[in-house]
Amino acid sequence: MASSIENNNEKLTLKSSDGEEFLVEKHVALQSTLLQNMLDSDCSSADVIPLPKIDARTLALVLGYCKKHADASSSKQGELNSFDSEFLKDMDMGALFNLVLAANFMEIKGLLDIAAQKIADTIKDKPHQEVREIFHVENDYTPEEEAAVREENRWAFEGFP
Amino acid sequence: MEGFPPQARDNKKNKTREQQHHIPDELVFQILTRLPVKSILRFKCISKSWLSMISHPKFIQTHLHLQSPKLLLKTDGSPVSFASIDSENPNPYRKVLHCPCEDPSAYFQPLCSCDGLILVHVRIEFDGTRSGKSFILWNPSNRSHRRISCPYELPFFNSLYGLCYDSTADDYRVVIVSHEKVTSVAVYGLRNNSWDIFVDNRYRLYVSEYGAAVVNGAVHWVMFSMESGLWVIVYFDLVEGKFKEVPPPSSWKEDDVMNLVVLGGFLCVYIDVGERQIEVYAMKEYGNKESWARLFVIPSPSERKCSWVHTVPSSAYVMLLCLTKKGQVLISIDTRGFGIYDPKDGTVLRYLGGWMPIPYVESLVPLNEGV
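Just so you know, the sequences run in chain order R and D.
Each residue of the first sequence is one higher than the last, beginning at 11 in our numbering.
Each residue of the second sequence is one higher than the last, beginning at 6 in our numbering.
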C-alpha cells in the first residue's frame, strides 16, 4: 500500500440497508460528496454511517469503483476509462438501476455519469413498449393520442413495432 | 431537478414493482438526456409525462451539453447529399443525412452551425443566376427545418455568416455581415421570423470560410478596423446594434494571419507564424486580455507526424474546427477533408475526404415551419 495512504489511514464504517458493514479508507470515501460533507462536519469517523437505501451487493460495487478511482493517479485516465467500461460490462438492468440510485444518493458524479450512460446505451435501440416496461411507466395515452405523437416523428420508428 | 412537471405514476397497481426500482424523475432525466435524438423522439410515445419532460427546454439544453461533436460533410454527386461523422469514432462509419431539399436543382451550401442547427445557403440555379437571399435553417438530427428568405440583396461571396443563441432574447439569430459600399449587418430572429438591418462602417470584412466563432452568445469574426488600421476581433452586439472589439493576445503581431475557433468553450485564435506552423491561444476568461494563454502548437507540415503528408501538398491550409471529448482537435485541410490532430503527441491521426466539413452536434432544438 502506498505511503500516501498510510499517512491518511483513517477509516470509517458504512452500513448497508441489509445490515452488512464495510470498513472504508477515508481517501476512498472522499470520492462520495455525501461522505465528504459528513466528514467535514463534526461526524466522527468512529461512528457507523448507515446507508439505508443501498444494499450490500450494490455498496460493494460502489466502493470498488471508489477505491479504483481514489488510488489511480490522474495520469492514468486511459486505464480508468477501461476499468469503467469493464466494471459495467454484463451488468443487468436491475443492478444498473441500483447503481444509479446509489451514485445519486452518495453523490458520486463519475459513477452516476457512466451508469446512466450505460442504461441509455442499453435502451436506445429497444422498442418504446419494452422501455415502458423496464421503467414501469404507466401508459396514460389513449391509442389515438399515442398514434398522433408517433405520427409526428414517423421516420424515427422505421424498423420498430 | 426543477422546472419540469412531476411524473404521473399509477400508485396502486404498480406499487410492488415500483418499490423494486422506483427511478425518481431526476434520474430518468439523467438517463434520457444521454440518448441519441432518434431514440428520444420515439420515447415521446411512452407516456404524457415523458413527453412533457423530453419537450422541456431544460431537457433540450442538458441534452445539448452532453453531446460530442460531429462533422457534417457534403458528398459528391447529384442530387446533393450530406453525411455525418462522429468525431469520437470517425472511421469508417458515415451516416447519410436526410436532406430537407425538395428541389434537386437547388444547390445547398452549409455555412455554419449552432446548437445542432445548420445555416444552409440555397443557390437556386433555374436561370443560371445565383440568389443571395434564400436560406434554410436545418436540424438534421430531428429532421426539422425552416426556409428563410432575406429581404436584403446580399453579396454572397463578400459576406460573413454566423448563427448564435441570444440568451437575452431566448432566440436563435442568423447574423450576416456584408460589404458593398457600406458594411451592413442583417440579423434574423427565429422567434419572430423577422429581419433587421444595421450599418456600422467602422469595420471592413475579412472573408474566410471558417472565420466565425460563437461564444458568449455572439458571433465573433476578425475584421479590419478603419479607426485603428488593424485587424481586430469583433462581435456584433445584438442589443446595441453595433460591433464591439475583444482584445487579442499580446503576442499577436499586426501582420500575423489570425483565425478564430471555439475549443472547449473558449474563444481561441490561431495564428500562422510562418512555414505553416500554427500557434493556438485561448481566452480563458472571456473579455479579459490578460487571460489569453497558448494552448498548443501545430508544427509545420514537414515536421508533422501524419499519414497524409504524401497525398496533400505541404502548402495545404489547415483550419481548426473543434475539440473532441478526448482532447483532440478536428482540423480541416484545404476544405477538402479533415484530420484529427493530437496536441499531446503532435500526430495527425486520420485524413478522410469530403467537402467543407462543418462541426455540429446532435440536438433536439425544434425548427418546424410555422412554430
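Derived by calculation from the structure, the hints in this document are not laboratory data.
A portion of the hints provided could be inaccurate.
Stated by the list, open to error - Per the computed footprint, the stretches of chain D lying under chain R, defined by three or more beta-carbons under 8 Å from a beta-carbon of chain R, are:
hint, stretch
1, 37-43
2, 178-187
Stated by the list, open to error - Some chain D residues close to chain R (C-beta under 8 Å, calculated; not the full set):
hint, residue
3, 28
4, 32
5, 33
6, 56
7, 148
8, 360
These numbers were taken from a predicted model, which means no experiment stands behind them.
Glycine included, each C-beta is placed from N, C-alpha and C at the ideal position.
Verification of the hints:
no. : hint    : result
1   : 37-43   : holds (count 5)
2   : 178-187 : violated (count 0)
3   : 28      : holds, 6 Å
4   : 32      : holds, 6 Å
5   : 33      : holds, 7 Å
6   : 56      : holds, 6 Å
7   : 148     : holds, 6 Å
8   : 360     : violated, 26 Å
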